[in-house]
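*Asks:* Going left to right, the sequence shown walks through residues 1 to 174 as full-length UniProt numbering numbers them.
Derived from the structure by calculation, the hints contain no laboratory data.
Accuracy of the hints is not assured; some may be wrong.
[Claimed, not checked] Dumping the calculated DSBU-like pairs for lysine-lysine here, alpha-carbon to alpha-carbon at most 35 Å:
1) K148 - K130
2) K142 - K105
3) K170 - K150
4) K102 - K130
5) K148 - K123
6) K70 - K166
7) K138 - K56
8) K59 - K148
9) K123 - K90
10) K102 - K138
11) K112 - K170
12) K148 - K50
13) K21 - K142
14) K50 - K170
15) K138 - K70
16) K142 - K90
17) K90 - K102
18) K138 - K59
19) K50 - K84
20) K112 - K123
21) K102 - K148
22) K150 - K105
23) K59 - K142
24) K150 - K102
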Amino acid sequence: MISEFFYQIANLKTTQRSGWKSKLNLSDSESVAEHTYMMSVMAMILSDIKNLNTEKIIKMSLLHDWAESKIGDFMPDEVTNEEKNRLEEKAMIDILSNLPEKIQKDYYSIWKDYSNNISLESKFVHQLDKLEMVLQAKIYEKDVGYEKIKQFLTSSVDLITDDDLKRTLKEIIQ
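Can you make the complete structure from the sequences, with help from the hints?
*Replies:* Written as structure tokens, this is what we have:
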């Protein structure tokens, strides 16, 4: 049922991003839904500027973390990549089962594209994910100081390779 799908995805409103909570010891850190919203705004603007497939990129941005509504947001050292991929795949299949079949297939295909990180759009969205993290780190800098957020900035610099996104990254970091 579609309403079950909506209730499931609404869990993202109260699912905190684990990196902020554990690394910065924030009691009221950004939720996955807040991250997804900001990332989708960035996706719309920056993909339009680059004349990319904005519709696909926005959809990918919106659904890239849906599995976390079921399994939570893992830190990279909590589970292996293989286990995380297995859990996310199972969660996505279950979540999408509440949608009409055609939409299930379309959304699963977009999510799988993101997971495989091969297409131009998926590479762009993966980099946007890091760019949004840097933006949020800079927002938190006011409360926790530069030293605590530095790791989030430095870990992203090499992962953002798109020239336009690199320019935006430099603007955010300044």
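*Asks:* Evaluate each hint against the coordinates.
*Replies:* Taking the hints in turn, this is what the structure says about them:
no.: 1; hint: K148 - K130; verdict: 17 Å, holds
no.: 2; hint: K142 - K105; verdict: 43 Å, violated
no.: 3; hint: K170 - K150; verdict: 14 Å, holds
no.: 4; hint: K102 - K130; verdict: 31 Å, holds
no.: 5; hint: K148 - K123; verdict: 28 Å, holds
no.: 6; hint: K70 - K166; verdict: 33 Å, holds
no.: 7; hint: K138 - K56; verdict: 28 Å, holds
no.: 8; hint: K59 - K148; verdict: 32 Å, holds
no.: 9; hint: K123 - K90; verdict: 23 Å, holds
no.: 10; hint: K102 - K138; verdict: 40 Å, violated
no.: 11; hint: K112 - K170; verdict: 30 Å, holds
no.: 12; hint: K148 - K50; verdict: 33 Å, holds
no.: 13; hint: K21 - K142; verdict: 16 Å, holds
no.: 14; hint: K50 - K170; verdict: 18 Å, holds
no.: 15; hint: K138 - K70; verdict: 29 Å, holds
no.: 16; hint: K142 - K90; verdict: 39 Å, violated
no.: 17; hint: K90 - K102; verdict: 19 Å, holds
no.: 18; hint: K138 - K59; verdict: 26 Å, holds
no.: 19; hint: K50 - K84; verdict: 32 Å, holds
no.: 20; hint: K112 - K123; verdict: 13 Å, holds
no.: 21; hint: K102 - K148; verdict: 45 Å, violated
no.: 22; hint: K150 - K105; verdict: 40 Å, violated
no.: 23; hint: K59 - K142; verdict: 32 Å, holds
no.: 24; hint: K150 - K102; verdict: 44 Å, violated
Checked against the numbered hints given earlier, this structure breaks hints 2, 10, 16, 21, 22, 24; the rest are met.
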